[in-house]
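S.K.: This is what each chain is made of:
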Amino acid sequence: MMRRVRWPHLLVLLFVLLAVFAPQISPHDPATIHPTILAPPSSAHLFGTDALGRDLFSRVLYGGRQTLGVATVAAAVALAPGLLLGVLWGIAPRPLVPSLTALFSALLAVPGLLVALVLLAVIGRGMGQIALAVGLSQIAMVAQVTRGAVVNVRDAPYIESAHAIGATPRHIIRRYVLPNIWPVVVAYAGVTFSYSVLNGAALSFLGLGELGVPDWGVILAEGRAVFNAAPWVSIFPGLAITALVFAVNALVDRML
Amino acid sequence: MAVKRSFVLCGLLCGMLLFALMGCASGDDFEPRNPIVYGLTLQPSGFDPHVHASAELGIVLRQVYDTLVYRHPQTNEIVPGLATGWTISDDGLVYTFMLREGVTFHDGTPFNAQAVAANLDRIIAPETGSQRARFMLGPYSGHNVLDTYIIQITLSERFVPLLDSLSQVYLGMASPTAFNEYSPTRYQFHQVGTGPYRFIKFTPGDEIILRRNEAYTWGPEFYDLELENTVDQITYRFFTDAATRATAIENGEAHIMGEIPPAFALTLAGTDAELLPVEVPGLPLQFMMNTARPPTDDLLVRQALIHATNRPLIVDTVYRGFSPVAWGPLSRATLHYSRAVEGTYPYDVDIARASLEAAGFEYVSGVGFVQGEDDAEPLEIIVLVPPWGGLPDVAQLMQAQWREIGVNARLVQVSGLSALRERVESGDYHLVAFDSAGFDPYVMNSFYASDGANNFTNYQNPRLDAALITAVQELSPETRRVAYAEIQQFIMGQALILPIRDYINLNATVPTIDRLMFDSYGWFPLMHNVANVAD
Numbered sequence: 036m037m038r039r040v041r042w043p044h045l046l047v048l049l050f051v052l053l054a055v056f057a058p059q060i061s062p063h064d065p066a067t068i069h070p071t072i073l074a075p076p077s078s079a080h081l082f083g084t085d086a087l088g089r090d091l092f093s094r095v096l097y098g099g100r101q102t103l104g105v106a107t108v109a110a111a112v113a114l115a116p117g118l119l120l121g122v123l124w125g126i127a128p129r130p131l132v133p134s135l136t137a138l139f140s141a142l143l144a145v146p147g148l149l150v151a152l153v154l155l156a157v158i159g160r161g162m163g164q165i166a167l168a169v170g171l172s173q174i175a176m177v178a179q180v181t182r183g184a185v186v187n188v189r190d191a192p193y194i195e196s197a198h199a200i201g202a203t204p205r206h207i208i209r210r211y212v213l214p215n216i217w218p219v220v221v222a223y224a225g226v227t228f229s230y231s232v233l234n235g236a237a238l239s240f241l242g243l244g245e246l247g248v249p250d251w252g253v254i255l256a257e258g259r260a261v262f263n264a265a266p267w268v269s270i271f272p273g274l275a276i277t278a279l280v281f282a283v284n285a286l287v288d289r290m291l
Numbered sequence: 020m021a022v023k024r025s026f027v028l029c030g031l032l033c034g035m036l037l038f039a040l041m042g043c044a045s046g047d048d049f050e051p052r053n054p055i056v057y058g059l060t061l062q063p064s065g066f067d068p069h070v071h072a073s074a075e076l077g078i079v080l081r082q083v084y085d086t087l088v089y090r091h092p093q094t095n096e097i098v099p100g101l102a103t104g105w106t107i108s109d110d111g112l113v114y115t116f117m118l119r120e121g122v123t124f125h126d127g128t129p130f131n132a133q134a135v136a137a138n139l140d141r142i143i144a145p146e147t148g149s150q151r152a153r154f155m156l157g158p159y160s161g162h163n164v165l166d167t168y169i170i171q172i173t174l175s176e177r178f179v180p181l182l183d184s185l186s187q188v189y190l191g192m193a194s195p196t197a198f199n200e201y202s203p204t205r206y207q208f209h210q211v212g213t214g215p216y217r218f219i220k221f222t223p224g225d226e227i228i229l230r231r232n233e234a235y236t237w238g239p240e241f242y243d244l245e246l247e248n249t250v251d252q253i254t255y256r257f258f259t260d261a262a263t264r265a266t267a268i269e270n271g272e273a274h275i276m277g278e279i280p281p282a283f284a285l286t287l288a289g290t291d292a293e294l295l296p297v298e299v300p301g302l303p304l305q306f307m308m309n310t311a312r313p314p315t316d317d318l319l320v321r322q323a324l325i326h327a328t329n330r331p332l333i334v335d336t337v338y339r340g341f342s343p344v345a346w347g348p349l350s351r352a353t354l355h356y357s358r359a360v361e362g363t364y365p366y367d368v369d370i371a372r373a374s375l376e377a378a379g380f381e382y383v384s385g386v387g388f389v390q391g392e393d394d395a396e397p398l399e400i401i402v403l404v405p406p407w408g409g410l411p412d413v414a415q416l417m418q419a420q421w422r423e424i425g426v427n428a429r430l431v432q433v434s435g436l437s438a439l440r441e442r443v444e445s446g447d448y449h450l451v452a453f454d455s456a457g458f459d460p461y462v463m464n465s466f467y468a469s470d471g472a473n474n475f476t477n478y479q480n481p482r483l484d485a486a487l488i489t490a491v492q493e494l495s496p497e498t499r500r501v502a503y504a505e506i507q508q509f510i511m512g513q514a515l516i517l518p519i520r521d522y523i524n525l526n527a528t529v530p531t532i533d534r535l536m537f538d539s540y541g542w543f544p545l546m547h548n549v550a551n552v553a554d
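Line order of the protein sequences matches chains A and B.
Note that our numbering has the first sequence beginning at 36, numbered continuously upward.
Note that our numbering has the second sequence beginning at 20, numbered continuously upward.
Chain B on its own, in the form it takes in the complex:
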């Protein structure tokens, strides 16, 4: 007993010592002139953009890393970043990038084609265990350093979203000196990029500190180098409890805050705080329907469930006018979004009832819809509900609406992403709520391809598979747009999903924050130009 106690005591003391040392390590004479606090909403489980997948890490690290190209936040066009120009071979398999000269990483390492090559090697190395970046490179087959500042990336198949991928922080350029010095688990505490802010300190669960990179002169065209009062230190703190976020803005505890709950956003509207809603492109907040399990294997049942859901009412009640109703598999801020799906499956309980009757269900007064002749089973739909994005409220409203037409919904709460995946793998569900961010419609592939990693609908259709692959490989933007429009209409024709709302990232700032903008992906702020002007 005594031995165990001394072990615990020893552990505690070591922990305290470690904290004390970490405090000393970051101690320097820097006195910020214009510091701000940025409120994050989740504790990321890992923080390396090449390894981990969370949106939260991008909110911070977009400031630390530059990418070869950027997406212009106003025009959504791909513009030069660390690459000043690029050419694509006629067959679409070879991308040649001309790199910017005179760029250095925060640790003094020069940026050049060798550095890009080292980054690509790190991302694809199996020991890196990349959860997102590797997938974003698609059919990447290798690189070829042609000159100090020229590098080629080669693909085994055509992959049009490559530039879109290269514009995202998950493929940000890190200093090879730094990531070779630290092990992958330690590198996340010592990140080095070429971006407008330097990574100073990361204390898990507590804070992340970035400081302005005074040497930064190589930003993309929408970074204005001549600005005054720009922020010189950003401290990121975690506000995981949604109910505390608006208060933190009101009392000045944070200057910028993401994901304000809509009810609190309404109360903030009466203060001098500023609301900044940002549309997040990609898959909207939606319920994917399991086509491998009766009764949602029946198209008529799936269509009935969409007709039975009063989406405008749900969106008004839960999101208080801060979100548009979603109609299809892509939200409207996504590239090649098709308006043709708008207005499909309107709320109509009569159509819903008729569809269920056509599917062989019988309405029994006081019970609802039942199936089978003798010992008839009431129709029950199992809905998996994760805790994010207002989904518990959405699911309860949906349950009440379905009950009115005689459909019983059993709501099953899942605590997070891993619990959700576990339940999906068991196949024991009819509907599962999900959303995913991405500007290029390529984001649909992993959800709708028969062998897609996220094929929660279990829908298998060679025609849809072929269409998804063709759309990814199509070089002509116009043909691509048409192909994706057809895909969106096909998915809704098959009623594979019940879309609810386009995701809106509802940010708030104190009134002194100026020039804050978000990139085309919706989640990631561009902090370079941001000023904090106290009167």
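This is chain A alone, in the form it adopts within the complex:
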């Protein structure tokens, strides 16, 4: 068992711990204004300070809480209904399949980020709203992947045998379908989480989050305005997003 613990596991765990214990680890309050603006990284400010003189290390730590929180909620919002719809689509009676396929294809034809933007225009700005929008925009994708997995096992000989011995559809789904699609679902949950991190950060980068609430996307956007003078303001949150997504994807790879 120990052999399976590798760097992606550790890195993801590290991100989670840093996010959970941000208030204890962070050397400063993320909103406190310090006298030196755009100070380069030093022992006083590990990641330097931003354009308003706030400690960047503390902001990136607190930002992790936001970014991970938003991505977790978004992934949950995408996965729960996505799985259910995917399974139903996979076992739907044949006459219904073409219309369901057309409906999901139409939903999938619009890029997720665009759907999220439209949703935000309706439900308003805020981190909670971003999580909801990012989650909702990925439901069709989760459903499609789940349906693919269901279709793969649906016609397997062991399912036919189950039908032959008179098992009910409910029993078949619980006993035979779900356990066999589980690896795909778990792997895709990781992918959904990564997408949620990226799309959540992209939307808060665009200014659709809450002003004053640090989030990696927000810090990245703030850094862009001073990139010539202080590249570190963008580099650290950018690295954090990249490392997290990379670690989650590597973790998913190892699970497959």
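If you are wondering where the hints come from, they were derived from the structure by calculation, not from laboratory data.
Every residue gets a Cβ at the ideal spot worked out from N, C-alpha and C, and that includes glycine.
Some hints could be false.
Each pair of labels, with its calculated beta carbon distance range [stated by the list, open to error]:
1. B:His209 x A:Arg259: 37 to 45 Å
2. A:Leu52 x B:Phe509: 53 to 61 Å
3. A:Pro266 x B:Ser465: 40 to 48 Å
Covered stretches of chain B (in silico footprint by chain A; criterion: 3 or more residues with CB under 8 Å from a CB of chain A, positions within the stretch not fixed) [as the list claims (entries may be wrong)]:
4. 281 to 294
5. 411 to 417
Based on these hints, arrange chain B on the given structure of chain A.
M.R.: Same frame as chain A, now just chain B:
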């Protein structure tokens, strides 16, 4: 499905064809000798000066239209433009303008009193839907053409800012032949004036092209007709992303650029680019406080919020020394600005705390100021923050400063002007950030009169209303100055606003640009004299 697809395809093809035709329409043999690119910062939603209200349109169209009078950019005095002289009746209700002879519009239409009359009729016609020009004419009641080159404008009440209005591009003189030929929506693509540059082409979202009017000999006194190397073609391009503007100047993609972010201006200072900061008169960047909603209905709370804000620090941090701290309802470049408001409400957290306690709030350690005895509610101030002018940064600094004394600010971002107005109409705010440009202090009226269209403070006071009206009607400049000084002090006495900084339009040019000047309104360049001298 197939039908829909062919519709979309058809639409796309038509669009491409239209673009191709627009390209052909402007194709001619003109080879510019001295062309430049001018960077604009916003995509204007509409582009007709009589109809639309943006400052962006004036940056371009100030070159296309002449006005009856001009404000001299150095002395700020009203000087002749298309009118060589004017008289004002003793009661201040009739303005008689003697017009310049021998002036023609770019399409050959002669300029005369009939043309002025047609322009005035167009501006006030309800179907024009004027968003600004109509308002600038104040209590306009009609015109009277006395001779080919003499026209009278009559008012129903005295309105001293009329000449100021007539000097602005929103009341520029357009060719009646052109605006009668095209519908209002199409005219903005075919604009014709008498100015030093002709309107050649406007492709929304892409570019606007102006070319020098070689026949131009009738400019105001500060236009020098004998200059060499003057620019003969201006292509305006949009640089809506603030982070790209300084780079565009550095690599020569644009010759002149407006609204450089202060952080980038500092990096430009190390290159051979030239910075040209221009003070914009009018209402400074400020937060208007809603007096109709507790707790900002209480004067003590409003005063506490100003005392709790370290404005010099905010201005230094966000605007990097490129903006002066604002102290009152007018910025210092505005006519009749009163220095008496300077230094009022200095940053003092002790006074701020004492004011809040006097207003009935109690300080609870770890929570901040609360109101009420049993289930005490923490004091929360809702601040509406639009994205322009560095306001998101200002608001975050303010939030941090207020938190230190125990006041919680909830920052609500609004995406633009219409979202801001919508939220203001709902009444769900305590502070709202706003600014407005204008040289005459009359710009205050719509914000502080009880029935003003922009009365975001919801302050109602018959005394202030009367003072604002008297100041607009007062003919003596000295009495007017005193009246406006009293108004400015009254507004600050009531702490209706939290002024932050005087607006500075931070322009940059490549080193070859020479003789660029801006008019008294701060936003609008006067391109007639501008030269581009390559070594």
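S.K.: Now tell me if each hint is right for this structure.
M.R.: Quick rundown of the hints versus the structure:
| no. | hint | verdict |
| --- | --- | --- |
| 1 | B:His209 x A:Arg259: 37 to 45 Å | 39 Å, holds |
| 2 | A:Leu52 x B:Phe509: 53 to 61 Å | 58 Å, holds |
| 3 | A:Pro266 x B:Ser465: 40 to 48 Å | 44 Å, holds |
| 4 | 281 to 294 | holds (count 4) |
| 5 | 411 to 417 | holds (count 5) |
Violated hints: none; the structure is consistent with every hint.
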